[in-house]
Amino acid sequence: MLTSVAALIVLAGLYSVHMMEEHGHIITGMNNQIVWGIPHVFAIFMIVAASGVLNVSSIGSVFNKPAYKARAPLAGLLSLAMLAGGLTVLMLDLGRPDRIIVAATNYNLTSVFAWNVLLYSAMFAAVVVYLWTMMEARMQPWSKHAGFVVFIWRFALTTGTGVIFSFLVARQAYGSAILPPMFIVISFAWGLAVFHIVQSAIYQWNGKMLDEYVQKRMKNLLGVFVVAALYFVVVYHLTNLYFARQVEFERFILADGGIYPLLFWAGYVVLGNLLPLLLIYLPGWGKTQHVAVASAMVILGGFAFLYVFIIGGQAFPLSIFPGFEVKSSFGDGVIGLYSPSLPEVLLGFGGVGIAFLITAVGIRVLNFVPREIPKKAL
Amino acid sequence: MSEINVQRRQFLKMSMGVAAVSIAPGIFLFDMAHGKADANKVRWGMLIETANCAEGCNDCVTACNTENGLSDGVSSTDSQWIRKIEIKDISTGRETSLPMMCQHCEHPPCVDVCPTGASFKRADGIVLVDKHLCIGCRYCMMACPYKARSFVHEPLQNQNPDVPRGRGTVESCTMCVHRIDQGQQPACAVACPNKSILFGNLNDPDSEIATRIRTVASAQVRADLGLNPGVRYQGL
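These protein sequences, in sequence, are chains A and B.
Its first residue numbered 1, the first sequence is counted upward by one per residue in our numbering.
Its first residue numbered 1, the second sequence is counted upward by one per residue in our numbering.
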């Protein structure tokens, strides 16, 4: 039932792509000021979470924790699924998706995007090999090595994602060296949140109960990641607030900017951080269902964060003439307007649908469900 | 000398001849695409005299739109290769009007970030987009500190054959490269009624533009970024 809903969503996404091909990006909300929109929010969320979910594998294979080792194959599958979903959205949002072969054959080595094409492809390959070493008995001696390669590579991958923004000198929201580490820590939180939800769903559908010890460890880990991610976001904004030239931008994002401060405070800080932390740590709470709700909140908070970061960051006008009031026919000096249109939202959800389908089919066909190891053995 | 050796020499001579003949047109075409052969001595640039640039005058914009087949539209999804900006110094209240377009940087961020190499800089300093390589990712638009680039949001009609454009690709001021390569001036410079846009070779010490920038104070926009734009402004 859910699978057919997901398939329908994917179809709707593909239809949107067809419409965007037919009419051009004019049918999206994107324009010459807000050049990246909702598709990029979905794509970057999925790519970042795809890297973070592998933490579950790394804790198992690199740091030798058996509870996580049992979950490593599922984490690997989720990573592949989200990477595929995210990259599909990113690719189909291109102005000329038909030229993807050009992107695959022409590399400008100074371009972070070109690096990312290599980082993403290699990540895909590395995770496939890692899954193979885990699921094929003969290959198991290599599993630790493959796990280590994946561990290193995903740091490079998320650094690459952060660097897309941190190498931009033009816009005030970006161009900061804190962004790559911030994205890495954020990826831990989002990836684990996705893992929690999928794990709860699998256990629920199979009528299984999650081992109490494992449940407790994993929910505490989620709490730690959420706090760590929030720490980086706070430092990022504090640094900006300290620089006089950045104060106007921060006022826009945190106070005056309409939808952006609302999404930042209500969506990211409260829904994405404070409430999940209460659900996880409040005495008497922190049960499986609480953690599942907390994880859903972390994910929604993540989308709110990316909307503010990507779209809010572009909506604030470029500082071409610092110290001057500016006006023109091209939106200089004014806040960029953006309202996402149905096709681009469907394209984003289409990517989520692809990730869901890959996960659902993978779990059905292959042995990805965690095999519980008795508590005593841990 | 043995017969085999003679044959080998002949073979080598012939191969070199064949190689030269086959590479030559490629080199010629490469030169065509990357500026003229002596282009490394040329750096095209502009000096804009803001004192003469009249507020409300839009002649450079209109000329650009006509020359390059742009629609004249000013919605947020329309291409604008050149625009008039009115600026007012917040602390002194002094107002200035000026045209803003691609600044044809020596170190263009758009070229650095372009994944496919579609954004490129010719040997004569003109920054262009190869419409066959551009995949429409818009990363260059994120990277440009001058907001100089536009994305073609809709299918195009009635294009100027000299200035090919493409839906789903990014574009910007070409400094009227098709005119420059025929020895003409960019359309905006020709159209300005006050002769506020001076076009020329920055690297030729005897050119008018080089003489002027040597003798009058001029500035680059966002010079702090260190991109060394080819467009300079007088009276900013």
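Keep in mind that the hints were calculated from the coordinates and are not lab data.
One thing to keep in mind: the hints can contain errors.
Straight-line Cα separation of at most 16 Å, EDC-like style, residue types lysine to aspartate or glutamate; simulated pairs [unchecked claim]:
(1) B:K195 to B:E55
(2) B:K88 to A:E325
(3) B:K41 to B:E55
(4) B:K41 to B:E95
(5) B:K195 to B:E208
(6) A:K327 to B:E95
(7) A:K327 to B:E106
(8) A:K69 to A:D211
(9) A:K144 to A:E21
(10) A:K327 to B:E208
(11) A:K327 to B:D89
(12) A:K65 to A:D256
(13) B:K41 to B:D181
(14) B:K195 to B:D89
(15) B:K41 to B:D162
(16) B:K131 to A:D98
(17) B:K195 to B:E49
(18) A:K69 to A:E22
If you check each hint against the structure, which ones fail? 3, 4, 7, 9, 10, 12, 14, 15 and 18
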